[in-house]
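Visitor: Residue strings, one per chain:
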Amino acid sequence: MQKYVTLLKLSWQNGLVYRTSVIMWRVRQFLGTLMALTVWLVIFQGNPTAFQYTKDSMITYIFLVSFLQSLIISTALNGLADRVYSGEISNHLLKPLNLFGYFAIEEIADKAKNIFFLILETIILFLIFKPMIVFPTTGVFLLFFVWSCFGVIINFFITLLFGAFGFWSPDTWGPRFLFFMILNFTAGKLFPLDILPTALQKVLYATPFPYLSFVQIQLFLGRLNLEEIVSHFLLMLFWIGLLGSFVTWLWKKGLKNYESTGR
Amino acid sequence: MKQSVISVKNVSKHFKVYKKEPGLMGSFKSLFIRKYETVKAVNDVSFEINEGEIIGFIGQNGAGKTTTLKILSGLLYPTSGEVSVLGFNPWDRKQEFQKQFALIMGQKNQLWWDLPAIESFLLNKAIYEIPDKQFTETLEKLSTLLDVKDILQIQVRKLSLGQRMKCELIAALLHNPKVLFLDEPTIGLDVVMQKTLRDFIKEYNKEFGATIILTSHYMDDVKELCERVIIIDHGTKIYDGELDKIIKTYARNKTLTITFADEVSHKELEQFGTVKSISENQATLLVKRSDATQIASKILNKFKVTDLNIEEAPIEAIIREIFSTKRE
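In order, the protein sequences belong to chains R and U. First residue of the first sequence? That's 8 in this note's numbering, and the numbers climb one at a time after it. First residue of the second sequence? That's 7 in this note's numbering, and the numbers climb one at a time after it.
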């Protein structure tokens, strides 16, 4: 275990070397949230509700999106397929380390860094907008935390899935880029999914994407009934099991095909 | 009797390579149709290496040396054949195995580029579960020996190639591996540094009884460190034996360097062998290996000679000849 703790500390140090990149990345995130808040506040001017959301619940939604973006969606492994194809992972493969464990540590370090900055940014946004946040009960809050962790795991497996492309092809950015586009719409990052037509929502719920932010936010805002809570809980476990097994199988197959080029 | 540590039986590794036609049209064409070719990087290679041996792995670029080392390290899955290192199948990547070997590649690094080398050492300490005492002692010893104590706190990217290579070596040796795969460890280093590194490898082998496979383009590395060499060409093993025996097996000629008391003409010398050079009263002749003594005696009888030297062809030249003969 000690090895992973040391690795985590080193990943933090490494992540903070390039100060300008860190600051610019955070400014981008901050401006995104600032714009979303401004746009929705304009929509709510003179309207008590919009798309069945009150002003307070929509503001809470935006703050939660920003939080879950840092926790679930942002990843340090965007270039994983490239690292696989270029042979960069050889260093990890030679050491007495669990490969997925190594990647998980990189992710944890990155997410912790993001959340640290997010707290600072949220304080600034609170001072600017003085929003009324809708808070759930402690039980729901705890479940929200558990579901957020499920979201992290689902996204981790999806990232590993895209990373595995590097074993077979140098064309790694195309599929990843497409995934980003889909994710922006389907995780509820740009707008709540329940403003979409019911048929489209049904299609989306057949994918793991709503579990990467939207469902967690719905739980937080108290917009799910008990039956929905149970079914989403089970579906998240299903996706974790399915993606986890598939990714493990795919990487085993990929490693047999690994060429360790350039190393 | 020494134990076999590395065993390779009929190992092959084939890669599928995409071949692109040249030019812009070739690029467009490749969007729709791609031609693939199978490259036999390693082809039916077998050898055994005993504990404590230092083996020189010689071959031209693309001969399959690095591929073989990667198979032995468990990075590549062989297309066919069996491999055993320290009793493990490297491909299984068992942690007990990984704690006992190291692969060092001269051109690549495991050090964290943006952090000082000491941070990478501390990480390896944790990864390899090296006890505090062993870590402190080994680090002290290695950094003194390689003269890098002052630079351990400096960001790796700011170090020179030589300094980085030394730190790479330290990072790879902190856990005192029993088996070392060194791929071009002296590449890019100046002659002084090459010598330091060679001495160090020799010392490490002696102290820990480590088994070492070394690939190098510098024959000095091989000559100084290895008694036994394996020559590999186009993925196939073409020689496995003592370095000295290569000369006996493959050298066809010897070189006679003669200093005459009087001036001798080119024509007069031609009857004895191939005249490589002649200037005033000194000449160099290439003669058949088996006839060298006899020819030397004939020359001594015919001319007034002040000095005569019979030399074996340099090992580099012999190996060059082996490869060129194979290619023909």
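Quick caveat, the hints were computed from the structure, so don't treat them as lab data. Note that the coordinates shown come from a computational prediction; the quantities given were computed from them, not determined experimentally. It is possible that part of the hints are untrue.
Here are the simulated lysine to any residue pairs, SDA-like style, with alpha carbons at most 20 Å apart [claimed, not checked]: (1) K263(R) / K26(U); (2) K26(U) / P177(R); (3) K100(U) / Y265(R).
Visitor: Each hint: holds or not?
Guide: Each hint tested on the structure:
no. : hint              : result
1   : K263(R) / K26(U)  : 25 Å, violated
2   : K26(U) / P177(R)  : 14 Å, holds
3   : K100(U) / Y265(R) : 18 Å, holds
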